[in-house]
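Trainee: Going down the list, the protein sequences come from chains W and X.
First residue of the first sequence? That's 1461 in the numbering used here, and the numbers climb one at a time after it.
First residue of the second sequence? That's 50 in the numbering used here, and the numbers climb one at a time after it.
Just so you know, these hints were derived from the structure itself, not from any lab.
Here a beta-carbon is modelled for each residue, glycine too, at the ideal position from N, C-alpha and C.
Do not take every clue at face value.
Far from chain X, by Cβ distances over 12 Å, these chain W residues were calculated [to be verified]:
(1) L1551
(2) R1600
(3) R1662
(4) S1696
Only pairs whose alpha carbons sit at most 30 Å apart, straight line, appear in this in silico BS3-like list of lysine-lysine [said to hold, decoys possible]:
(5) X:K275 - W:K1526
(6) X:K211 - X:K261
(7) W:K1526 - W:K1679
(8) X:K251 - X:K275
(9) W:K1578 - X:K251
(10) W:K1700 - W:K1679
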Amino acid sequence: MRGARGDPGEDGVAWPQESFLGRLRSSEREELLALAGHATYEPQSHLILEGDEGGFVTFVYSGQVKVVVQADGGDEHLLGIRAKGSLLGELSYTDGNRRSASVVAVTQVRAASVSWEKFDGYLRSHPQLAMEVARVIATRLRASDESHREIRSHAVPARVAKLLFSLTDDFDERFAQWGAVIHLSQAELAQLVHAAEVTVNRVLGEFRRRQIVRTTYRKIVIPCVICLDRLATALSADPKDDRKDIVGCGGTQPHGSA
Amino acid sequence: MDRNLTAWPASSLLGRLQPAVRAGLLELGFEREFPRNHTMVEHGGHNDRTLLLLRGAAKIVVSSEDGRVVLLGMVRDGDLAGEMTAIDPQESSANVVTCVRTTARVIDSRALKDFLRRQPEAHFAVTRMIIERLREANRRRVDYGLAALCKLARVMVELTGKFGADVDGRYEIVGCLTQAELGSLAGMATRTVEEQLGELQKRDIIELSYRKIVVNDLERLRKVAKLPAEIPR
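In isolation and in its complexed conformation, chain W is listed as follows (with noise of 0.2 Å):
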């Protein structure tokens, strides 16, 4: 996991630093949360639902959750993946239009959620964190930007292999030394690399059999991130060599201490 500052959410994990909680001063974020009213979500269950009036803005404590939307013909289409201090709900509170998606629970979520007219008045008391919100907004814009590159600049298993690993960096579940678990179905894999689902189901089946992945339902386990890495980053380095003699040690391996 990337470098965490300042003191442990209530999971006693620290927040992720590139997160808007994580990049606030740890007393801005007491005082934040102090006029949050907390709940805890089960999976599936929904956060925010596309279409609504908005009202309030919401921070994820922990778990995982999904945005997405509904496209022509009413099929879920997942947008992105966001977990631990994240800011959700900043569009609507910004603009004050509906809510341009939903965010449902993945895994069983806590989360705090502030009021439109509470966090008015917070970043009144704190300018300097205005920018921190716009911040959020152009980070996103910029990440949809870059996706959009991506889409012109690697085949399928490329795109597959490093989405996979920045799942891996930033929404974990552990297990062992450099074991990951994310929780998403093939389909929606698909969805955020832009692919046909058929496509990906044909890639995870090649890194399946390379022990690079092992699938099963809606979660994709990843016995190492670091065979993953190691074949993400040679996939990006040459977009015709499929690099077949890349093959994953399936946990195997030590790969040294961290």
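Following the hints, complete the assembly by docking chain X onto the known chain W.
Mentor: Same frame as chain W, but now just chain X:
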């Protein structure tokens, strides 16, 4: 002529600001003219400057790793380009390339940042524009699953709304977008763009000429795009 008093496009940043705030923003930086097809802000550069377009239009593009061009969006008179560095200081993530001869104010990103701190209304307006770009990008991403003709039509409706000059009920879209760029915006191969543009032309919905796309019938384009008919104002 004092451009602060003239009308800016309502959807542009300047068009959304109160006259006093707009005048303050227009005082920042210095004015410069750029020729057509000129890179005003370079990808990866730490040049820390933001451009406020006064006249003209530009496209926001990045290169894919194998050198193909990827269009992220367009800006026109009254819009900011490269404003993200003022909000989130990182190297610029895209090139901004002029479509036509363009006049812009060149503003140091730190000066813009200070201005936004002093003027919450302007800060709010800039953030709103970023949100709109984000919402549009998300929408287009979801549209990737649609049939080619429909998603190309959606992108064209979007471009017409923002950049189409109304000429007797027909709309001219600034002629600087290549088919590859249109394809990168809509998420389809260049060859497919060519076929589908041909199809729209055959149906007399659009007209292609040298460096220009003319939308003859916006209502029918919206129908092909499976968008609800526009409510007449």
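Trainee: For a quick check of understanding: which of the numbered hints are violated here, in increasing order?
Mentor: 1, 2, 4, 9
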